[in-house]
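> Given chain A, work out where chain B with the ligand should sit, using these hints.
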Amino acid sequence: MSQSVTDVICPFCGTLCDDLEVIVSDDGKKIEDIYNACAIGAEKFMHAQAAGRVKRPRMQQPDGSYKEVSYDEAVEYTAQMLHKARKPLMYGWSSTSCEAQSVGHEIAEKVGAIVDNTATVCHGTTLIAVQDVGIPSCTLGEIKNRADRIIFWGCNPCHAHPRHQSRYSIFPRGYFTNKGHKNRKVVVVDPRDSDTAKMADYHFKVEQGRDYELLSAFRVALRNEPLPEKVAGIPREKIIEAADMLKSGRFGIIFFGMGVTQSLSKNHNIDNAIMLTKDLNEFTKFSIMAMRGHYNVTGSGQVLGWQFGYPFAVDLSRGFARYNPGESTSNDLLRRGEVDAVFVLGSDPGAHFPISSVKKISQLPSVCVDPHITPTSEISKLHVPVAFVGVEVGGNCYRMDNVPIEARKVVDPPEGMLTDVEFLSRVNSRLEKLSGGK
Amino acid sequence: METVTLTMKNQPKLYLEADNISPDKFAGKKASEIAALHAYEGRDQTTLSKYFDVAGEAGATAADTRIVVKGDVSRVKYIGMKMTAGEVVVENSPDMYTGAWMQGGKLLVKGNVDAFAGIGMKGGEFVIEGNAGNYLGAAYRGDWRGMQGGLIRVKGDAGSDIGYFMNGGTIVVHGNTDVHVGTHMEGGKIIIKGNAPSKVGGQMVGGEIYVYGTIDVMMPGFKYVHDEELEVDGESGKFSLFHGDTGERHPKRKGQIVYGKLYLKI
Ligand code: SF4
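Chains A and B, in that order, are what the protein sequence lines are. FYI, in the numbering used here the residues of the first sequence are 1 to 438. FYI, in the numbering used here the residues of the second sequence are 1 to 266.
The following block holds chain A by itself, in its conformation from the complex:
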């Protein structure tokens, strides 16, 4: 007999679906099936079961091979590395619980580290813009129940957030949107013919790197000021028509992704998109939301925010919090040689950072805490496997709309395996002793 666990949270993308059903074997050790999740979400659960999973920490040997070590040795190595470093980088935090993040930040404060999360290579620019001009936002529930004008700007949820459209943005029948997608007009701004674009009523194939100009053009159109014949490859008439369509809605939302946060103009794109949202509120109700990627990158920003006042790239080296993307962001630190040790938890910079940064990590003392073998674990001096958050251990997470959701445990981790929180707490107490209780 198998048992079913309901209302399980999917710890994969920022949509943080909370309606999964997981079938677990009788002894509570094995996942047999997953219902309601999308393909990538289901894969995450199945991965925890994969054969050949690393169950103990591994230390890189001079010849490049790995030797198994105990958790005690791993704690000692990590604590010593952070204790000796004068400016360590503690990166990741987006695929773990808020509880683990909080312990990590305690360590960072002790050793004068720089704490940075994956926003540094995706929505960090959004956070800069939010600090500059504020943000009018809402929850996904409001969008489901009210929104009739949906804009996807530089994002492709069909692939990155597969259930986003069916649960919240295009198809669901909500309180004031009881005809589902028939109630909604969908605009996609993307230079590519993405699968999301195929579902749009309006698809603007913006010229690469000209999002800032197109956003400005919408704002000019709303003010009835003259426009040039074409902006960013889009004819003036089309821009004016779309502006009128947006104004005529009852509730609109702009979702945006890495197509605008990491292309030319970066934070300025988001800044201008937020200002466009603000302008649209002169005519109707409009909101804007970032399509956050990792399931708890939003949580990392939240926890850093309430502990240090900044949502990413927090430099604690001088004992107080400083923040300046461009200086205290991971890639700048690595590229410029500003840090002397690297600790990674809950992310895979080995796969996502430019090769010049990855090389720097491989040359420095480095620790990678990750349930999987990843490109990062393969270049780190020490790899510490831990239990999967949201599968083998619970914890708090924040959805992309900043709603906190408690992830659930569905099966036990392999015998003797530590969780993120347990490993970090042990490093933290070891550091307490090393620094003489200071």
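Calculated from the structure, these hints are not laboratory results. Predicted model only: the values in this text are computed from it and were never measured. No residue lacks a Cβ here, since even glycine has one placed at the ideal position from N, Cα and C. You may find that some hints are simply not true.
[To be verified] Only part of the chain B face toward chain A is listed, based on derived beta-carbon distances under 8 Å: (1) Glu41; (2) Asp44; (3) Asn92; (4) Met96; (5) Ala115; (6) Gly142; (7) His180; (8) Gly202; (9) Lys223; (10) Leu241; (11) Asp245.
Relative to the frame of chain A, chain B with the ligand by itself:
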């Protein structure tokens, strides 16, 4: 005016935060006292003497103090930060935040400066003989007050985001710039004698931008007004005036809408 000479002898392994290298901090001090001033390398608090040879002594006040920095300072941040008077000469290329929040006096860099030079500047004269990095004369993160006064002159090229949230003062770039000039600008003057590729004056509320060379792609919210004969930076020339950014809010003065002004040299 008394002169203090700092000569780099030991390069920092990481980067050095040397916000004490300023006439205000040196004023009234002998060489030995200056050598004992703090600097930071990572989390370690050290002293200037660990990295620099210090010769000469400072004047009684900042205004009587001249600092000459010699040697490779490419890993030194914050030179001339918050200086209010006196003179600093850097013979090579310093790192970030050179002349940040400067309020007065003269700062001369004979090489290049990295990002965030002259951010939040309020007064004084800052001359860079080489190139400048990004965010020259911009606002610090989250601040809506960028440069508010003084003069920055770059003899070479400048990076992106110069004059971000600029409120006053003047930036002159003799060469070219990268994208985003005067974004969110509310006042002050930016003069670019070379080219600016695109995103010039985006979200601009007020202030003036002059471009002598070309702009590849204009922002959509700029409308042509008329041609004008003007004297700019000591030379006269003919310019086309554009008003913008028309997509942005604009205050009214005496019943007239006040726009940002973009002048293109003809
Ligand atoms: S949409 Fe995202 S959160 Fe939902 S099941 Fe798929 S991967 Fe998981």
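> Does the CB of Asn92 (chain B) sit less than 8 Å away from some CB of chain A?
Cβ of Asn92 (chain B) sits 17 Å from chain A, so the hint is violated.
> Holds or violated: the hint that Gly142 (chain B) contacts chain A, with Cβ atoms closer than 8 Å.
holds, 4 Å
> Would the stated hint for Ala115 (chain B) survive a check requiring a Cβ distance to chain A of less than 8 Å?
holds, 6 Å
> Measuring from the C-beta of Gly202 (chain B) to each C-beta in chain A, is the shortest one below 8 Å?
holds, 6 Å
> Does the CB of Asp245 (chain B) sit less than 8 Å away from some CB of chain A?
Holds: closest Cβ of chain A sits about 7 Å from Asp245 (chain B), inside 8 Å.
> Double-check Lys223 (chain B) for me: the hint is only fine if its C-beta lies closer than 8 Å to a C-beta in chain A.
With a minimum Cβ separation of about 6 Å from chain A (threshold 8 Å), the hint on Lys223 (chain B) holds.
> Hint Asp44 (chain B) vs chain A: min CB-CB distance below 8 Å?
Since the shortest Cβ distance to chain A is 6 Å, the answer is holds.
> Holds or violated: is the Cβ of Met96 (chain B) closer than 8 Å to a Cβ in chain A?
Holds, about 6 Å.
> Taking 8 Å as the limit, does the beta-carbon of His180 (chain B) come near enough to a beta-carbon in chain A?
holds, 6 Å
> Does the CB of Glu41 (chain B) sit less than 8 Å away from some CB of chain A?
holds, 7 Å
> Is the interface hint for Leu241 (chain B) satisfied, with its Cβ closer than 8 Å to some Cβ of chain A?
violated, 16 Å
When the structure is compared with the earlier hints, violations turn up for hints 3, 10 and for no others.
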